[in-house]
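S.K.: Residue numbers (the numbering used here), protein chains in the order written: chain A, 171 to 505; chain B, 174 to 500.
Treat the hints with caution; some may be incorrect.
[Said to hold, decoys possible] Computed spacing ranges between beta-carbons, pair by pair:
| id | chain 1 | residue 1 | chain 2 | residue 2 | range |
| --- | --- | --- | --- | --- | --- |
| 1 | A | 496 | B | 437 | 42 to 48 Å |
| 2 | B | 343 | A | 496 | 50 to 56 Å |
| 3 | B | 406 | A | 262 | 54 to 60 Å |
| 4 | A | 348 | B | 484 | 28 to 34 Å |
| 5 | B | 207 | A | 348 | 20 to 26 Å |
| 6 | A | 311 | B | 406 | 51 to 57 Å |
| 7 | B | 407 | A | 261 | 32 to 38 Å |
| 8 | B | 189 | A | 496 | 55 to 61 Å |
| 9 | B | 437 | A | 189 | 52 to 58 Å |
| 10 | B | 489 | A | 192 | 55 to 61 Å |
| 11 | B | 495 | A | 440 | 29 to 35 Å |
| 12 | A | 261 | B | 383 | 45 to 51 Å |
Hints are computed from structural coordinates only; laboratory data are not their basis. All of these numbers come straight from a predicted model, not from anything done at the bench. Every residue gets a Cβ at the ideal spot worked out from N, C-alpha and C, and that includes glycine.
This is what each chain is made of:
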Amino acid sequence: MAAMQFRQAIVNALADEMRSDPTVMLFGEDVAEAEGPFKTSEGLLAEFGPVRVRDTPISEMGFTGAAVGAAILGAKPVVEIMFIEFLGVALDQVVTEAAKMRYLSNGKLSVPMVVRASCGSGLGFGSQHSQTLENWFTATPGLKLIMLSDAQAAYSLTRAAIQDPDPVVILEPRILYAKRGEVDKNLKIEIGKARVLRDGTDITIVTSGQMVDVCRAAIEESGVNAALIDLATIIPWDRVTVLNSVKKTGRLVVVEEAPLSGGWGSEIVAATTSALFSELKAAPFRITSPDIPVPYSGPLETRYIPTKDDVARQLKEVIATGKTPKTWWEMEGLK
Amino acid sequence: MSIQLERRKAVQTDEVAGYERMLEIREFENQINGLFAAGLIRGTTHLCLGQEALDIALAAELRPTDTVMATYRGHGIALALGLTPESVLGEIMGKTIGCCGGVGGSMHLADMTLGLLPTSAIVGGGIPIAAGAGLAYQLLGQDNVGVAVFGDGATNIGAFHEGLNLAAIWKLPVIFICDNNVYGEYSRIDKTTPLEDLHMRADSYKMAHYAVDGMDVHATRKGIKEAVDRARSGGGPTLIEAKTYRFAGHSRADKALYRPEGELEKWMERDPIKLTEEDLVKRGLLDSAKIEKMRADMTKTIEGVVATCQAAPDPTVASMFENVFTK
Ligand SMILES: Cc1ncc(C[n+]2csc(CCOP(=O)(O)OP(=O)(O)O)c2C)c(N)n1
Ligand SMILES: [Mg+2]
Numbered sequence: 171m172a173a174m175q176f177r178q179a180i181v182n183a184l185a186d187e188m189r190s191d192p193t194v195m196l197f198g199e200d201v202a203e204a205e206g207p208f209k210t211s212e213g214l215l216a217e218f219g220p221v222r223v224r225d226t227p228i229s230e231m232g233f234t235g236a237a238v239g240a241a242i243l244g245a246k247p248v249v250e251i252m253f254i255e256f257l258g259v260a261l262d263q264v265v266t267e268a269a270k271m272r273y274l275s276n277g278k279l280s281v282p283m284v285v286r287a288s289c290g291s292g293l294g295f296g297s298q299h300s301q302t303l304e305n306w307f308t309a310t311p312g313l314k315l316i317m318l319s320d321a322q323a324a325y326s327l328t329r330a331a332i333q334d335p336d337p338v339v340i341l342e343p344r345i346l347y348a349k350r351g352e353v354d355k356n357l358k359i360e361i362g363k364a365r366v367l368r369d370g371t372d373i374t375i376v377t378s379g380q381m382v383d384v385c386r387a388a389i390e391e392s393g394v395n396a397a398l399i400d401l402a403t404i405i406p407w408d409r410v411t412v413l414n415s416v417k418k419t420g421r422l423v424v425v426e427e428a429p430l431s432g433g434w435g436s437e438i439v440a441a442t443t444s445a446l447f448s449e450l451k452a453a454p455f456r457i458t459s460p461d462i463p464v465p466y467s468g469p470l471e472t473r474y475i476p477t478k479d480d481v482a483r484q485l486k487e488v489i490a491t492g493k494t495p496k497t498w499w500e501m502e503g504l505k
Numbered sequence: 174m175s176i177q178l179e180r181r182k183a184v185q186t187d188e189v190a191g192y193e194r195m196l197e198i199r200e201f202e203n204q205i206n207g208l209f210a211a212g213l214i215r216g217t218t219h220l221c222l223g224q225e226a227l228d229i230a231l232a233a234e235l236r237p238t239d240t241v242m243a244t245y246r247g248h249g250i251a252l253a254l255g256l257t258p259e260s261v262l263g264e265i266m267g268k269t270i271g272c273c274g275g276v277g278g279s280m281h282l283a284d285m286t287l288g289l290l291p292t293s294a295i296v297g298g299g300i301p302i303a304a305g306a307g308l309a310y311q312l313l314g315q316d317n318v319g320v321a322v323f324g325d326g327a328t329n330i331g332a333f334h335e336g337l338n339l340a341a342i343w344k345l346p347v348i349f350i351c352d353n354n355v356y357g358e359y360s361r362i363d364k365t366t367p368l369e370d371l372h373m374r375a376d377s378y379k380m381a382h383y384a385v386d387g388m389d390v391h392a393t394r395k396g397i398k399e400a401v402d403r404a405r406s407g408g409g410p411t412l413i414e415a416k417t418y419r420f421a422g423h424s425r426a427d428k429a430l431y432r433p434e435g436e437l438e439k440w441m442e443r444d445p446i447k448l449t450e451e452d453l454v455k456r457g458l459l460d461s462a463k464i465e466k467m468r469a470d471m472t473k474t475i476e477g478v479v480a481t482c483q484a485a486p487d488p489t490v491a492s493m494f495e496n497v498f499t500k
């Protein structure tokens, strides 16, 4: 066990994979000489050299597409997209090309590539640099999607993604980069396995990314005996773990950072409701951000993201009343 | 006439006012630097120190009815086009008096009365949009011009090539202005681009193209005027490369330690404010006493703007729910 920052856990995962597999390479904007805009490639150019660790021009479509081609033909590329929004200009290569290669080659081709991108709100970067955008990827069979929540997940899941023979997108909540946590390098986390962070009897909370810490604090504040599940892999998600937990608690809330409409939480609520309808004590529901772009102003952005207080309020309310709590903006008559 | 339009008119008609606006931008950016360092502004910011000549030249040669699509490095363009320092700093501080009511921030400044579309924080994002502005003008038979301002690094993104090609084949009234400030983030342009004169890229689109000395207001104005005349008269688009230099780091956190020794100092000898001053003094439009006074006054003015913005109210929570759709 060692304590390290979330970003250092990523550096360690990349370095350990590059040490054990000479075909792993890393490229992206300012990842080599500058060691990454968020210092997630510290020391990698020095250790692995300029053939395996490369700076790119500002050409996301070009270098993400190059990762697809290189992956098919024997490399294991990791590309860094500085902010997930910038993958917008390269989405074709991930969603329409990489995700279809195995299928369209009758199973002959693999695309063992990883796209890493920082994501999320809370730092005052405004509406074009603060989204999580998981839903860009959730309707794309052939693509795996991970959202990291702490240093251990960062280390274990980054390694698992690089080893995975299929394309994997990893979302790294930017707000966590400097956060410290314990990392056990021998601990493996499988892609597709949720992490049960806390057992509880009264309600199951399914969440991911920076919302994990918010939910943990909300459990403490509310005093509700909740099970806390970090979904970790959003696609394909871990039905067994989620359904087993809800079978025990009879209640489910999914907490997402993204806006209400179109979130992956709807899928979990729908699947759980269908499977366990008669065993539920309350209707499964979601806590999300409102359907608006991320605002810049500090006081607004702080309200925009699901807060500890609001999650705590809704936990208490659903246990006490059995009814689905209103969102804070419904309560305040906004929209 | 609104105060914004008066500010715009001043830089169009009066060279000394243009110089004063350059001082305003310089002082503004220096203040922002301090405010960020003191933790009084959140998020990030991209200063345009060293690129003031291009900002002024653009404001002087375009009409307020022309549209400009600029970038996150947009404080100077906004001020030059006529936005008030209060509306720009107010936005950067996330206050109601900001040009976007505080929901945009440093990277997203806008004022359509001056032709400033919301600045884009996606590299290259504004280039096809400016082509689209030209398309609307062509369709509607208006003699306005669409302008995209973007960096050297943006010439490596697909949107640049697609936007230029479209403008070329449709002969759109558009001006593409690349401010080559030598760096894209922490990378020197020669490390990411196998071409020194970036305007040459327009050659493959059979588009008019040339470089201008981006530190010199006159040279830059002349280059922009030629392109504006071409666009207004149906002659199609132009790619202008303004050779400039980014005096500050890429963004708030960047100390720019990757720059070769002496490079900044060499460029600072051609500081656009210094060059403009020398020119105006030589032509008898300014003297050193006046300059001293203007500088001192400007420092006071901007300090006053900072105080105003700090005292301004935060937006209400309800305000962030507005303007997602028309209704
Ligand atoms: C598509 C996209 N990729 C990456 C970025 C991150 N980024 C912001 S500014 C910048 C450098 C741009 O350099 P340049 O075009 O030369 O403009 P400058 O910053 O020098 O004004 C980068 C890489 C972005 N905003 N959008
Ligand atoms: Mg540049």
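S.K.: Return the numbers of the hints above that this structure violates; sort them in rising order.
M.R.: 1, 3, 9, 12
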